[in-house]
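*Asks:* Quick mapping for you: the protein sequence lines, in order, are chains A and B.
With my numbering, you'll find the first sequence wraps up at 1619, consecutive numbering, no jumps.
With my numbering, you'll find the second sequence wraps up at 387, consecutive numbering, no jumps.
What the hints contain is simulated information worked out from the structure, not anything from laboratory work.
Ideal Cβ placement from N, Cα and C applies to all residues, glycine included.
Be aware that a few hints might be false.
[Said to hold, decoys possible] Below, a sample of chain B positions facing chain A; criterion: calculated Cβ distance under 8 Å:
1) Ile-328
2) Leu-333
3) Asp-337
4) Ser-356
5) Phe-357
6) Leu-358
7) Gly-360
[Claimed, not checked] Here are the simulated PhoX-like cross-link-like pairs (lysine-lysine), alpha carbons at most 25 Å apart as the crow flies:
8) Lys-1595(A) - Lys-341(B)
9) Lys-261(B) - Lys-1595(A)
10) Lys-309(B) - Lys-341(B)
[Unchecked claim] Sample of chain B residues lacking proximity to chain A, with all beta carbon distances greater than 12 Å (derived):
11) Val-241
12) Ala-254
13) Ile-256
14) Ser-279
15) Lys-287
16) Glu-291
17) Glu-297
18) Tyr-336
19) Ser-371
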Amino acid sequence: MRLKHAEHNEELCLIINALPGNKYNDWVVTTAFYSCIHLVEHKLFPLEVNGKTYKNFNSYYHAFFVNTNNSLSKHEAKIELVDVYIATVSSNYRWLFDACMNARYKNYIVSDMIATIAIQTLTLIKKACI
Amino acid sequence: MNKAEAVTGISLSQWEVVKPNDTSLYYDCDAIIEAYFKGKADGLAQQDKLSLHQFSENFELAQKNIIEALNQVEKNGFIPLGAYLKFRSLFSFKAILLVKEEDFINGLFLKNYDFLAKFEKEIQSDFYTLKFSFLNGIPDALDEDLMSDGFKIKFTPVHEAEAR
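Produce the complete structure using the sequences and hints provided.
*Replies:* Next up, the structure:
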């Protein structure tokens, strides 16, 4: 299911990227990242931690990050999981997260180069996850 | 000795911590954080005083850690333009480090993320979390949007602060 959703978002990413004029670079980056979210969940789960198996990310997140002093956002918790279990693309995943999430502070003006790297990053993460 | 140096006790040759003049802008409806910045611990209950002490320690640590991260980015060969800090709770902080786009798109820039992943784990405790992210952009142009999103504490290179 996660993989299908990842491919669904990847398809949209590539469609937007192929449109003339590079007008939607912000959406290229966003859809690339939201494809990667599902790719890493596909790779990570089910996940066994301390002898207990977590079927999906939400059950894992609820067990470790809800009602704690140091509660992380779901994105941050996922970044930590990628760092531990898919380490080869950890820095790439984090770069894409920043490119996506912080675009709002720049009025969603995203350069062609960042959009290009976002797609390269998606390709890299896909290879690592399937 | 600048204000940040007085707080952190470390040598800050490069960075100044810039805080809003209006103390009401420091906090988001949190009595503990408000008391910290207003220096009014007297009216707090005992438990809240402990929380105030914890927040005070955490805030000092966050400033020190952000400056360490900025320095490491520079050691890695990139130019940090500034940073912003947000309080998510008494125990949880978030920092955004600003860099140039030409640095952000450089393939070697990824080594900064390798550093941050290790650094965040090293500094984390049961009562303190600081998470970092990078943003490519010009500090002053981003002030309004970042401030409105809770990033109230700004880190500015000292030479720029002196020029103002």
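*Asks:* Now tell me if each hint is right for this structure.
*Replies:* Hint by hint, here is what the structure shows:
no.: 1; hint: Ile-328; verdict: holds (5 Å)
no.: 2; hint: Leu-333; verdict: holds (4 Å)
no.: 3; hint: Asp-337; verdict: holds (5 Å)
no.: 4; hint: Ser-356; verdict: holds (5 Å)
no.: 5; hint: Phe-357; verdict: holds (5 Å)
no.: 6; hint: Leu-358; verdict: holds (4 Å)
no.: 7; hint: Gly-360; verdict: holds (5 Å)
no.: 8; hint: Lys-1595(A) - Lys-341(B); verdict: violated (28 Å)
no.: 9; hint: Lys-261(B) - Lys-1595(A); verdict: violated (33 Å)
no.: 10; hint: Lys-309(B) - Lys-341(B); verdict: holds (21 Å)
no.: 11; hint: Val-241; verdict: holds (18 Å)
no.: 12; hint: Ala-254; verdict: holds (17 Å)
no.: 13; hint: Ile-256; verdict: holds (15 Å)
no.: 14; hint: Ser-279; verdict: holds (16 Å)
no.: 15; hint: Lys-287; verdict: holds (18 Å)
no.: 16; hint: Glu-291; verdict: holds (18 Å)
no.: 17; hint: Glu-297; verdict: holds (18 Å)
no.: 18; hint: Tyr-336; verdict: violated (4 Å)
no.: 19; hint: Ser-371; verdict: violated (10 Å)
Consistency note: the structure conflicts with the earlier hints numbered 8, 9, 18, 19.
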